[in-house]
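Heads up: the sequence lines are chains L and R, in that order. Each residue of the first sequence is one higher than the last, beginning at 1 in the numbering used here. Each residue of the second sequence is one higher than the last, beginning at 1 in the numbering used here.
No wet-lab data here; the hints were simulated from the structure. Incorrect hints may appear among the rest.
A few chain L residues that don't get close to chain R, going by computed Cβ distances all over 10 Å [as the list claims (entries may be wrong)]:
1) D39
2) H48
3) G49
4) K91
5) A93
6) R172
Derived DMTMM-like pairs: lysine to aspartate or glutamate, alpha-carbon spacing no greater than 25 Å straight-line [to be verified]:
7) K208/L to D163/L
8) K208/L to E10/R
9) K200/L to D16/R
10) K91/L to E24/R
11) K208/L to D144/L
12) K208/L to E150/L
13) K208/L to E73/R
14) K208/L to D130/L
15) K91/L to D144/L
16) K208/L to E94/L
17) K91/L to E24/L
18) K91/L to E5/R
19) K208/L to D16/R
20) K208/L to D220/L
21) K200/L to E189/L
22) K91/L to D22/L
23) K91/L to D23/L
24) K200/L to E150/L
25) K91/L to D20/L
26) K200/L to D7/R
27) K200/L to E221/L
28) K208/L to E5/R
29) K200/L to E73/R
30) K91/L to E150/L
31) K91/L to D46/L
32) K200/L to E10/R
33) K200/L to E132/L
34) K91/L to D34/R
35) K91/L to D192/L
36) K208/L to D139/L
37) K91/L to D39/L
38) K91/L to E165/L
39) K208/L to D7/R
40) K200/L to D220/L
Where is the CB? At the ideal position from N, CA and C, for every residue including glycine.
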Amino acid sequence: MVKACAYDDAVQLASSAARDLDDESASWLRRLVSTTPADQRAAERDLHGSLLRIARAEVRRRSASTPVTGPELDDLAHQAASDAMLAIIAKLAEFRGESRFTTWAYRFVILEVSSKLGRHYWRNPPVALDAEQWERLPDRLGLDPYQHAEAAGILAEVRRVIDTELTAHQRRVFIAVVVDGIPLDALAERLDLQRNAIYKVIFDSRRKIRRALVAEGYLDEAGAG
Amino acid sequence: MTMNERDLLERFLHTDPRDVGCAEAMGVLHVYVDLITAGQDAAVSYPGVAAHLAACGPCGEDFTGLLAAVSGEQADG
Numbered sequence: 001m002v003k004a005c006a007y008d009d010a011v012q013l014a015s016s017a018a019r020d021l022d023d024e025s026a027s028w029l030r031r032l033v034s035t036t037p038a039d040q041r042a043a044e045r046d047l048h049g050s051l052l053r054i055a056r057a058e059v060r061r062r063s064a065s066t067p068v069t070g071p072e073l074d075d076l077a078h079q080a081a082s083d084a085m086l087a088i089i090a091k092l093a094e095f096r097g098e099s100r101f102t103t104w105a106y107r108f109v110i111l112e113v114s115s116k117l118g119r120h121y122w123r124n125p126p127v128a129l130d131a132e133q134w135e136r137l138p139d140r141l142g143l144d145p146y147q148h149a150e151a152a153g154i155l156a157e158v159r160r161v162i163d164t165e166l167t168a169h170q171r172r173v174f175i176a177v178v179v180d181g182i183p184l185d186a187l188a189e190r191l192d193l194q195r196n197a198i199y200k201v202i203f204d205s206r207r208k209i210r211r212a213l214v215a216e217g218y219l220d221e222a223g224a225g
Numbered sequence: 001m002t003m004n005e006r007d008l009l010e011r012f013l014h015t016d017p018r019d020v021g022c023a024e025a026m027g028v029l030h031v032y033v034d035l036i037t038a039g040q041d042a043a044v045s046y047p048g049v050a051a052h053l054a055a056c057g058p059c060g061e062d063f064t065g066l067l068a069a070v071s072g073e074q075a076d077g
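With the hints as constraints, model all of the structure from the sequences given.
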């Protein structure tokens with residue numbers, strides 16, 4: 001199953017593994033690049049079994065925060081384990097022993113579970129993209145505009161920044177995640193963007209909003225990120 | 001604005017300049033988790049990753065999941 005292009009690198013890595021890696025990691029590598037097909041297949045079966053066990057535990061751990069349930073959740077765990085397995089085999093030569101092999105490998109399956117749950121969100125989304133539920137903004141910011149005039153002023157300033165200082169893309173992302181409460185991974189999936197790209201938009205938008213609130217005297221400069 | 005409201009707003013708007021972002025944090029997540037399971041202070045070695053995991057919900061979830069996976073493995077072993 002190990003692709004020929006990565007095989008030589010992986011074999012080379014495995015050959016030096018005994019002196020550089022912990023025993024368990026070295027053993028995994030040696031088995032996964034074994035020249036005996038039956039041994040290699042056995043190693044892949046064992047690794048896939050571990051990945052599936054981790055994927056199932058992870059979907060159970062996240063089950064309260066996803067609408068995916070029952071057999072579909074188990075299907076998702078199987079898909080995550082299989083896709084993680086393919087990624088691990090393809091990137092085996094990139095394993096440098098900075099961590100134990102299993103920790104490196106499990107990261108793939110955890111990230112696969114994340115990504116697949118984000119994708120499943122759109123099967124039955126509780127809120128549509130671009131819903132712009134502005135009435136939720138006070139709650140999101142922890143403000144009650146009916147109790148304090150200052151809170152109403154802050155909300156108006158936040159709206160002004162969103163409407164006039166954010167780009168169209170920043171505005172769409174910020175409203176989707178912060179105002180409408182769409183999970184970041186689900187939005188990344190829908191807009192075909194990396195999680196990091198969405199996070200950066202939210203990060204920059206927060207800075208802009210904070211700067212504006214400081215400029216208007218609502219917040220102190222101290223403590224600004 | 002009450003103190004509680006101010007705290008919530010500050011927390012919501014807080015950004016840490018050390019925050020390395022999702023890609024870099026996820027790139028070393030396995031190393032970060034192994035440091036923790038080895039009893040070391042990973043946040044000292046990777047302050048930018050620690051800042052990110054504290055601020056980014058999805059990456060924080062992935063971190064919790066990987067830590068649980070590895071910790072369960074150790075407990076099983």
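| request: Check each numbered hint from earlier against the structure, then list the numbers of those it violates in ascending order. | output: 13, 15, 16, 18, 24, 29, 30 and 38
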